[in-house]
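Colleague: Chain by chain, the residues run as shown.
Number of protein chains: 2
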Amino acid sequence: MRRFAAERARKFLSSSLRSSYSYSSSSSSNPLPAAAAAAAAAAASTAMSSTISPPVTVDSINPKVKKCEYAVRGEIVTHAQRLQQELQTSPGSLPFDEILYCNIGNPQSLGQQPITFFREVLALCDHPALLDRDETHALFSSDAIARAWEILDLIPGRATGAYSHSQGIKGLRDAIAAGIAARDGFPANADDIFLTDGASPAVHMMMQLLIRSEKDGILCPIPQYPLYSASIALHGGSLVPYYLNEATGWGLEIFEVKSQLEDARSKGITVRALVVINPGNPTGQVLAEANQREIVEFCKKEGLVLLADEVYQENIYVENKQFNSFKKISRLMGYGEELSLVSFQSVSKGYYGECGKRGGYMEVTGFTPDVREQIYKVASVNLCSNISGQILASLVMNPPKVGDESYESFTAEKEGILQSLARRAQALEDAFNNLEGVTCNKAEGAMYLFPRLHLPQKAIDAAKAANAAPDAFYARRLLDATGIVVVPGSGFRQVPGTWHMRCTILPQEDKIPAIISRLKAFHEAFMEEFRD
Amino acid sequence: MRRFAAERARKFLSSSLRSSYSYSSSSSSNPLPAAAAAAAAAAASTAMSSTISPPVTVDSINPKVKKCEYAVRGEIVTHAQRLQQELQTSPGSLPFDEILYCNIGNPQSLGQQPITFFREVLALCDHPALLDRDETHALFSSDAIARAWEILDLIPGRATGAYSHSQGIKGLRDAIAAGIAARDGFPANADDIFLTDGASPAVHMMMQLLIRSEKDGILCPIPQYPLYSASIALHGGSLVPYYLNEATGWGLEIFEVKSQLEDARSKGITVRALVVINPGNPTGQVLAEANQREIVEFCKKEGLVLLADEVYQENIYVENKQFNSFKKISRLMGYGEELSLVSFQSVSKGYYGECGKRGGYMEVTGFTPDVREQIYKVASVNLCSNISGQILASLVMNPPKVGDESYESFTAEKEGILQSLARRAQALEDAFNNLEGVTCNKAEGAMYLFPRLHLPQKAIDAAKAANAAPDAFYARRLLDATGIVVVPGSGFRQVPGTWHMRCTILPQEDKIPAIISRLKAFHEAFMEEFRD
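For the record, the sequence lines run as chains C and D.
Numbered by UniProt numbering, the letters in the first sequence go through residues 1 to 532 in order.
Numbered by UniProt numbering, the letters in the second sequence go through residues 1 to 532 in order.
Think of the hints as simulated: they come from the structure by calculation, not from any bench.
We put the beta carbon where it would ideally sit given N, CA and C, even for glycine.
Take every hint as true, because none was put in to throw you off.
Quick list of simulated restraints, FRET-style, between CB atoms: (1) N467/C to E150/D: 39 to 45 Å; (2) V58/C to E214/D: 19 to 25 Å; (3) V58/D to Q81/C: 44 to 50 Å; (4) S90/C to G111/D: 53 to 59 Å; (5) V58/C to T57/D: 36 to 42 Å; (6) V402/C to D132/D: 26 to 32 Å; (7) W149/C to A521/D: 37 to 43 Å; (8) P63/C to K464/D: 42 to 48 Å; (9) K401/C to G111/D: 30 to 36 Å; (10) R82/D to A427/C: 55 to 61 Å.
Straight-line C-alpha distance at most 16 Å; calculated EDC-like pairs for lysine to aspartate or glutamate: (11) K64/D to E373/C; (12) K67/D to E373/C; (13) K458/C to D532/C; (14) K520/D to E429/D; (15) K170/D to D153/D; (16) K66/D to E373/C; (17) K64/D to E214/C; (18) K67/D to E214/D; (19) K64/C to E373/D; (20) K520/C to E436/C; (21) K67/D to D370/C; (22) K67/C to E373/D; (23) K66/D to D370/C; (24) K66/C to D370/D; (25) K67/C to D370/D; (26) K64/C to E214/D; (27) K401/C to E413/C; (28) K442/D to E429/D; (29) K66/C to E373/D.
Incomplete in silico selection of chain D near chain C, CB under 7 Å: (30) P55; (31) Y70; (32) A123; (33) G303.
Here chain C stands alone, though its shape is the one from the complex:
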């Protein structure tokens, strides 16, 4: 399955580049502007005489880059993009009329509308001259205008186009700290917040800090969000897997984590950190408080940094579960700065789903001042994260409050999205569980279902013959038959010999019935075709 994942975008890129790329030739299929024509003669003689090999080949690049894999945007997606082009150029040529991207947690790409209040504030901060105009009061809510003023007053010189402090604008970090304190019931400190362009750069920053060589390991859940495996590979470390228990709703069992830790240590690996994704990606479970307490205790005892991916903290769909941050749990347990804890948050998820804005932060607690200084230094090399993303991060942690003009409409938008996501999760979960040979745990939170495919041997053999992992084979057939894009479980890793797929719950609600009937028809035909 590794080999399959590694093939990724190759074919697509090769074909799309072939037309424009031709080594040792300066010709181009684009029409040449005037200046180019003048250079044609020179081109001919110079280029022809030169046949030395290029300075960079795929064998001479950094092997860590080569090793890195990222299935969420992998081969299946590039194939989907090909099919989409086909649909555009020859409508009606395929058995479906649109591609449904269920591969990635990208809500607005599937029609989710942004939260009005957030966008009002962003627009006003982008163009503060609007705030001086009368017409603006007809176009924007009064609390958006007030909030924009507040934010501008937090920014030195009201300069939304200036680099900020490398951790982010201090006043916005204060606002975020206040939002965290309100969430957790424990204080938070603006000095602990590092604003980042989404959560991914924050994760990279921590991996870069912690990983010295392949002898350094990071404990990651399996299945995992492939950002972690990719980042660990890019930084040259070792992913130490611990398996979530599918039979107990993707339970995180400490004895499994401990056993993997000991196994890694016996192989000479220095395990530096434990990654926990809560709510789970791709698995959708929400951790119980007792379980979180075990995890905190374990990290403390074993001297591990706890890397808490909490980007789905607002995506909870079941009555009997709630989100607790690891910071809150550790503080409830009486731990303070003696636990090294990093919490990642993003504006891309939640009910807001503002992926394109690239906003997020990490809250870093329990590191010595000299280590914190090193984190600050790495942040400073990239100067700062984008200011709109910073502003948005402050907004999602401090949305409108009771009494604000926007409060009711904001709440209606927010609840509408979250309730719809819960219904979609339930409908898709039921649909998967109604398919022959498919079992699916509840999506308690996050944006995904991760159903298990119990495939007939014949299908497994056919996949082998096609040089594909069985779940990749299934996903490809699903895409070709229905236009639905899911990510094969192999992209997230899974218990060897089990097969899954990750499917987001994000298509708009009115499309869900059609998706389910297409899925059902495909699955029945697939099982019929490969019945043992």
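Dock chain D against chain C, hints included.
Modeller: Below, chain D without anything else, positioned relative to chain C:
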């Protein structure tokens, strides 16, 4: 001088964190919310019993992180921030009443206003609902409205909050390619464009691709912009220095580059790429076409990737020079895809100076499809750059044209800024050259002057006694006396035994006379104090 630079932010961070940080203790100076109080008893017993060392110490982090230095936001800046706080809490306590940050190319932080048309378009794209309202026509120019519609139509589903293609939105890349083609007179291809959160992540991406170990070298100009030394250190490679010739206006001399290349090769270093910064940072020179041709020929002959930092392409202040992209020069020479060339561009510089928006791109030509696929993969791990930055990158490469409603006001804003920058550069250059023992080359472009300080031996001795490089000593004294923040030349590297400082030309024009007189008074006193 290295030691000095390495001390960076330590003192500042230590002192600012000390109050909130206390290892093996969960106490906090912040008032505790209710939930926290409940945990107090547990805290006392748990925390007290735990005295093991933290999981991460500065000696156990990635040594590449430790090695990395970034002077532009280094010790001098943290000292300036301290003074700024002092000014706020005790006005009148210092011999100046404001800090003037001349350490970083951050125009809007010093009062430069954003270009209206760009901000109009950004605001409309942030809140597209405005486009349906009548009042909007009173608030926005008609071409900004038209442009916003055009851009929204380029984005699938008009979803400005969705992740885009990992290289950036295809239609925006088409627009940028058209802008490049118009600039160069040679075609450009959207498939070659990778949109990024400013130029820095693009530089990191190329370093990550090229550097396998410390045996891989990257040729960099000295003095250099410290992003390069920082990125090379973070990726574990070797910076191979080539010295710019101060005596010829920071001339880039091929025999020097060649000699350094050969020297590095003789030490077993595989030199992979040549960095050229044009216009120069921190040195401000603009390369002549003949010089650029030599550089292209050299890279081609020696099998080096040419990494062209062209972020100051719109910042040219002298009549007898113009910006030529390396792509244009190489195409004029007849080279096409057989030259591996990466051009970096940013929305942070030029006349727009939109640093906080974190937009930029790299144009990647002359790499084989399988290497390009690897670059794409690394880009995909971070999903995409922020959409506002992407939009802004398309705007700076395609500003309003003759006939557009905004054209005249846009041109007035643009020319106003560029002409003022040219006047400021000239005024500061003259001022430096009028100081005893200071010589300063012309700022032909970019945003900096890099005057040389010929310091008296007594000053050098005093610096040594203070455990500082002489230019850092001078810069610190300058800051303490005048509130002017410059970066010591040692942060950029320089010919050993020479001393410089980098000073931006960005303070608003009405402040320049006061800056010059403060600078002059300080310098005279300094020279008087340390006269040999």
